[in-house]
Structure formats: structure tokens, C-alpha cells
Amino acid sequence: MREEKLALEHVTKQFGQKTNLVTALEDVSLAFKAGEVSLIIGPSGSGKSTLLTILGGLQTPTDGSVRLNGHDISDLSTKEAEKTRLEQIGFVLQAYNLVPYLTVADQFKLVDQVKPNNNLSQDGFDKIIETLGIQKLLNKYPGELSGGQQQRVAIARALYTDPAIILADEPTAALDTARVKEVGQLFANIAHDEEKAVVIVTHDDRLREFSDNVYKIVDGKLSNTD
Amino acid sequence: MFLAIREIKKEKLRYGLILTVVVLISYLIFILSALALGLATANTAAVDSWQSKSFVMTKDANGNAGQSLLTTKQVDQLSDDKTATLGITPVNMKIGGKRESAQFVGMNNDEYIAKNLQLTKGHLPKAANEVVLADSVDKDIYGMGDKISIGLSDTKYKIVGYAKNATYNTAPVIYGALAQWRVIKGVSDQFQGSVVTSKTSQSVDDKALKTYSYQAFINKLPGYTPQKATFGLMIGFLIVISLIVITIFLYILTVQKLPNLAVLRAQGIPNRFLAQNTLFETFFIIATGIVVGAVLSALTEFGIPDSVPMAFDWGLMGLIAAGLMVTGLLGAIIPIRVISKIDPVSVIGG
Ligand SMILES: Nc1ncnc2c1ncn2[C@@H]1O[C@H](COP(=O)(O)OP(=O)(O)O)[C@@H](O)[C@H]1O
Ligand SMILES: [Mg+2]
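Line order of the protein sequences matches chains A and B. First residue of the first sequence? That's 115 in the numbering used here, and the numbers climb one at a time after it. First residue of the second sequence? That's 22 in the numbering used here, and the numbers climb one at a time after it.
Any given hint could be a false lead.
[To be verified] Simulated DEER-style distance windows between Cβ atoms:
id, chain 1, residue 1, chain 2, residue 2, range
1, A, T137, B, G344, 53 to 61 Å
2, A, G247, B, G324, 57 to 65 Å
3, B, I355, A, E201, 28 to 36 Å
4, A, T133, B, M255, 52 to 60 Å
5, B, G253, A, K254, 49 to 57 Å
6, B, A250, A, E201, 53 to 61 Å
7, B, G344, A, V136, 49 to 57 Å
8, A, T133, B, Q277, 32 to 40 Å
9, A, D290, B, T41, 37 to 45 Å
10, A, K254, B, G344, 37 to 45 Å
[To be verified] Covered stretches of chain B (chain A as the covering partner; in silico rule of three or more C-beta atoms under 8 Å from a C-beta of chain A):
id, region
11, 273-286
12, 362-368
Calculated directly from the structure, the hints in this document are not laboratory data. Glycine included, C-beta positions come from ideal geometry on N, C-alpha and C.
Extracted from the complex, chain B is given alone in its bound form:
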């Protein structure tokens, strides 16, 4: 510590540069992870709020609820007191001249999805032409009592409430009556819904149907899995890059100091003392980089428009920070090895 602190103080430019790089990398990693998490949440918030364990759809839908059409017979066979039938379909909602993509989720008021729905305002849809919108919509456009058009239906639907955590596949959810799903989607009346979901696991005999666990259902949300993989790869690469950058910097700094370090070794300064200093130096650089990067990320969250989904999870940030710290300290291994291999005799002579 003794040497590290003084060296950093004396060589401000040098350490300022490496610190800047570490700050930028950790900032980028934090922002990327917040974006990834924001996007993931926008994909799954509604599904998470349902607290379902399993989902049954037609096999042909390949896990995409918007593609699944269950017949009345199938729904009847699947239903019991722990299930809820949902009619899910991507739609456009229109008000005035405005148009916006949304997900219509039709439900039965006497089943658990409707019963558990958390409203921030208003009440559940009671009449066929009543809907509850995601709380995240712009209330200046979609005001309480306003009427909107949805999908292929000719009905004007009245907004009677707003629901919490109501985004599905990044679009706002419109909760309405299950019977309206067929009208909005424009399918014949032999179909009753798209998903039968349950608080417990479900098994099916019907070869045309397939059961998905919560995780499988989420992973099948259009675009969700590739998005997650992309972000994961980017974050992974950044951590590897930070490892390489820190190793290179520390290596160059160490090599530059070699003659001095060799004299210190000749004078009997223990190897361990010098190694600890390099380790502390690394720790200091990364810790400072992470703190500054986190502060910058927090400032960014304030500055960024709501349309960009960002979610900061301190647990996740802590995990990433720990990952950065571990890889950074790994970066000190090579310089420490260089120090331990110094031959003091090499500087004496000439």
C-alpha cells in the first residue's frame, strides 16, 4: 500500500489514463446490463406478475402465445380450479389519430389471473367493452374513460383502469374480457383462447398440445432469448477486454520500473511486499473505476428517456462489479510473476 498510494499520487497522468479506461469499461458494462435487464423486464413483466407455473398451447404455435388457437373442447379439458384461460394476441390500439402496438390479454374475471391483477387505478373490466391498460402508457393519450379501438374489433373499448407490471414482449398489455379476444383477433367462434395457464404443472394427452414451464414460456417470447444472448456476450467480452487492458497496463508499468524493483530486491525488500503493492494498486484502480462507473450509470438513468427501458438491479450490479474485480486482480498475476522473477544482479554491474 505504501508504495502504491505514493506511486499513484506521483504518476497522476499514467494512472489517470488507466483509470479512465477502467471507468469507461465499467460504465459501459453497467449501462449494457441495465439495458439488458430493462429489456428483459419489458418482455416478461406481465408474465411474471401472473405467477404461473405452466402454460399449455397448441404445438404448432411453437411456444408463441400469439400463434396459439385452443378449441373450446381443448380448453374445457384443460380447465380446473387452478387454471386460467387467456386469449393473447399482438394488436394495434388506436385513439384519435394515434396508433400503438400492444398485446391484448383476454381473461375470465373468475379465474386467478384476473383475481390477482394489481391495479394502480380503476377497476377490472366488468362489461365486454371495458379494458384495463398497462400503467406504463402515456396517460395524456390513454386517459381514464377514454375509448380506444383494438385490432379487428369494431367495438370502442373504454379504459377503466391501469395495471401494474403490464408489459408483454416489450409492448403494453391491454387486459380485457376473454370473449373479446376472438373478435379482436378475428378468429371463428370454435376457438376459445390461446393459452391455458396454471399455478401448478399441467400434463396433456392431446398430441396437438404442448406444455411449457414458466422459463420455457419466457424463453420462447419472440426475440427474448437472442436479446439475452447478445447482451450476455457483449458483457462477457467487455469483462475479458478489461482483463486484457489491465494486464497490459500493469505489465508495461511494471517493466518500466524493473531496474528500480531490482534494486529494491537487492536491498532486501521482500518479494511479497512488492507483489502486495501491485495487487493493491490493481484493487485501487478497479474499485475506483467501478465506483465512478456506477455513479455515471446512475446519472445516465436520470438523463435517459423513459422510452429506453433500463433497469438497475443493485444485486446484479454488485455481481458484475465482483466479476470485474476478480478479472482485474487476475490481470495482476503476470506483473506479479515478472516481479517475482527479477534478478537483482541484473542491475548491478556495467
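Next up, chain A with everything else stripped away, as it sits in the complex:
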């Protein structure tokens, strides 16, 4: 049996009060294992981003708990949560993943500035940028890249800290079908070859074929479709 990396237990997240009360997540329990791609599919407003930010320790659940490597992280201080994100989690977001005034190469050097140790070795880095096909883009600025190229650099950036977990929010929103397949395959390879827990929240059905587990989320409630 594979090692559990991240888990939600009876997580509920509510925003606002009384008449304005929004329940973004309702009693969600889920576990993510190393070496697997988990896809959470749902329409807009169903609570996907909320789920992802709670998984990443960016906000705390109203109810329930979050476990990272078997430890409850629901009550971490801001600083501890920051450190956890930096060391354990790689984010791939829909936009703004890259710093516009840094070249592709500098996006990685920035990471070295704040986390000097346990990042990818030169060999590991070379391998990743080759797999992602971004070797020739190292001296370019994000503004000079296509949407697909930017997303591949963002994935490389997320992998650079060698995190145990990859959290991706709508990573294929800006991509055409050919690119979606490439990126999907990439996430699958990362999970399977590097033993990472990959969690993707999306409304993009095209990613299904690359996933080990698919969950559906509607109005903050979860259902397993497989």
C-alpha cells in the first residue's frame, strides 16, 4: 500500500455569516498518496480552489482537520505554514506563477535565495527542463513565452524544491488540447516516476485519462466517480 501524504478529514469551510453564509466545502474527507495523480473535477464555484488552498495550508477549515505526513496542520502558525509550503508543496496555479521581471533561469535562482538546500541537483534540474522542453527558454522572460511554455516553466518551478506534493489549480485552463495531453502526461510521469502526490483541481475533463483517482465535487460536496 502506498504512503498517505495528505488527507482531509470531515473538512467544512464556510464564508460569511447568517444570511450571507456560504458553505464552500461540506464534510469533505479525502486522502492523497505518493505516486498517484488525483483529479478533482467540478464546475465553477463548486469549491475546488477552496479545497486546494486548504490542502496547501493557505487557509484553515471551519471544521475538520488536514493531515500532512500524518501530522495535523490545521492549526499551524503563519510562519510554520509558510515553511511547510516552501519545503513540502509545489503549487501550479492558473496564472501569475512566474515573476515577470525574472528570466526563466532566475525563477529557479529565486528559490535558491530562500531555500538554499534540498532543491533539485543540477542533474535533476537538467532532466526536468529537458522533459518539459524548456532548455532553450532559460534566458527568456515570461512575457516572451507562450501560455503553454509558461505553464511548463511553472511546473518546473513547482518541482524545483523537490516537494512531496504537487497542488495544481486549473493548470490547463490556458492550453489547447495537444498541450493539455502533454501536461497531463507530465503530471502522470511526475507522480509515477518521482513518487509525488499530485492533486489537480479542474473543470477540464481532458485530464481524466492521466489520473489514478477522479473525484467529483459539486456545491462543496464530494463524490468518488471511480
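The hints should help you fit chain B with the ligands onto chain A, whose structure is shown.
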């Protein structure tokens, strides 16, 4: 530093603009302070050179030596071996067809003002018709040995020397014999001089007289205090303006970067790292602005005619630069607060 340097390099236009503004402001501040100091020096140089501690004048003169008339009796009562009697009056000096405003300072050769006078050339006035002029006068007009008319006196005075630091209330000083003061000013012979100055403090019993300290005397020089206040206000306003400009620029730049900064925070880049970068960016902009502004000021000093009194004092410039730096770094407070309040969740979603 890592982010700041790269950002400035990438966004040259943006940072070039803010840098230009900071350069112009610091240049303006430096020039204004040099002008203020130049003007102050032109007001006080002669008085400073006397190294007096106190000045006694008539009360009615209200601190203006040119208005003070001391009787022989008053001068005798005030005089001792530490004092010097001066006859100070604003005059016109004439040579050929030329006329120029000046300040006549009559003195006794056996008192300390005359004894301490530093000449760049020539000797002290020995005869009644001999005078020493400020070294700053145009020597092509006021040459050694030339004869000038002064004030109401019919005598032609011969220039026998030039004195260092001899400007009084921005006019060149003519040092001559105390006895000539009465003639030049056209007052009756019951008056002996206008000021009794001393190397120590003086106290007076006479109700018609008043003692001024060195600082009080300087502050009473006609126009001196308002000039100083005007320049001080201008410089103060400029520093405040630079604070506002820098705050606005940094704030706009930061707000523009918010989504990117939020993602960096989501990725676990510490708040402190981002704040330090903003601080370094501010430091870089202001330091560069100050250096370029100082270079421009130095170039201006070379280019500006001597008739405009400008004095650069590196200590004062350093102080102003430090003031600019402190206010500039204060300008980083608001952007840094904005950064610290970023909610990473705000960029994730949609
Ligand atoms: N900070 C918030 N304050 C109030 N309501 C929020 C907040 N964040 C999310 N929501 C609400 O929670 C629901 C789920 O949002 P979200 O997780 O962004 O959905 P998705 O990513 O699936 O589109 C939506 O109804 C949204 O309006
Ligand atoms: Mg979303």
C-alpha cells in the same frame, strides 16, 4: 536584493522615471542649501572673522549696527582691554564712474579686530585716508593703490590691502580708521562709533544701550533671519515632497505586482524577503538619486557666476542626504505594509 536588482534592470523605464524625479529633487535641495549657505556666509563672514562674543549698541538701533550711534562717553565707559570699538555703516563706494554698495567698518588699529584681521595682500590702514577692501572685490576695478570715494566724505581713500572673509550683510567690507566713520556717515563729533564689541560677554547699566550675543547680532542682520527661514522651509517642503513622491511610486509599483507577490507568498517565500527587497529598492533609488544630484550640484557650482553666492559644505550635504534617505525609507513603509497584508488565497480561485 536579488529581486530588486533584477526588477530595476528589467523595468528600466519605470525605475528611470522615479530615479529622475529623485535626482531632480535632491539636486534642487542641494542647490538650495548651497545658495542658503552662500547667502548666510555672505551675511556673516566678516562678523565670524572677528570672533567676538558680544556687541553693545544703542537700544534704538534694534540690533542693526548701521543704525547705532554711541557717544564718546558711552564708548569710554564700555571700553576695556578686551573690547574694540567699531564704526559700521552701509555706504556707496565710487571709483571712476562706478558705484557699489559696501559696508564701512571703522576700527582702532590698537584693538583686537584690527590686530586679528587677516589680509591676503597689503597692510592695515596706517593713515586716515588708507583703507583695506574685501578680497572678494573685482581687483580690475579696485586695484592696489587706487583711490575711491566713500559715503559722504570728501576724502579720496587709497586701497592699501585686501582682507579675507570680509563680507557683511552680503556687501563687501571697507576697513578703515574709526575716526573716518563719522565723516563717511556724516554725523556730528559727539559720536564715537556704532558698536563696542568684546571677546567676552559685556553687561551694561545704561538704559539706552543693549548687549547682543554673537548669535543675536547675526540674527539681527537685516534680512538674515527671514532668508534663513525661507530657505529652511523650501528645503523642508522638498524633503516632504520627496517622501510623498517615493511613497506614491513605490505604492503603485507594489500594487501592480500584487498578484505575483501573492503567488510568491503562496509558494512560501517569506514576507521578510519581499519586504527587504522593497527596502533595498528604495535605498538604491534614493542613494543613486543623491549621488547623481550631488554630481549635478558640483557641476553647477563650476558653471555658476561668482556673483551668485553658493557655498558647498560637505557636512551639511551629508546631513541633508541622510535626511532624504531616512524620509525615503519611510516611504517604503506603506508598500511594505501592503506586502505584509497580502492574502495568497486572493489569487487562487476564479
Ligand atoms: N473568501 C471568500 N469569501 C466568501 N466566499 C468565498 C470565498 N472564497 C470562496 N468563496 C465562495 O465559495 C464557493 C467556492 O469557491 P471556489 O472554491 O473558488 O470555487 P471554484 O474554484 O470551484 O470555482 C463560491 O461560491 C465562492 O463564491
Ligand atoms: Mg477555482
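We went through each hint and held it up to the structure:
1. T137/A - G344/B: 53 to 61 Å: holds (55 Å)
2. G247/A - G324/B: 57 to 65 Å: About 59 Å separates the Cβ atoms of G247/A and G324/B, which means 57 to 65 Å holds.
3. I355/B - E201/A: 28 to 36 Å: holds (31 Å)
4. T133/A - M255/B: 52 to 60 Å: holds (58 Å)
5. G253/B - K254/A: 49 to 57 Å: Given range 49 to 57 Å: holds, Cβ gap about 52 Å.
6. A250/B - E201/A: 53 to 61 Å: Between A250/B and E201/A, where Cβ atoms are some 59 Å apart, the hint holds.
7. G344/B - V136/A: 49 to 57 Å: The hint (49 to 57 Å, Cβ to Cβ) holds, given that G344/B and V136/A are roughly 51 Å apart.
8. T133/A - Q277/B: 32 to 40 Å: holds (36 Å)
9. D290/A - T41/B: 37 to 45 Å: The hint (37 to 45 Å, Cβ to Cβ) holds, given that D290/A and T41/B are roughly 44 Å apart.
10. K254/A - G344/B: 37 to 45 Å: holds (42 Å)
11. 273-286: holds (count 6)
12. 362-368: Per the Cβ count (3), the hint holds.
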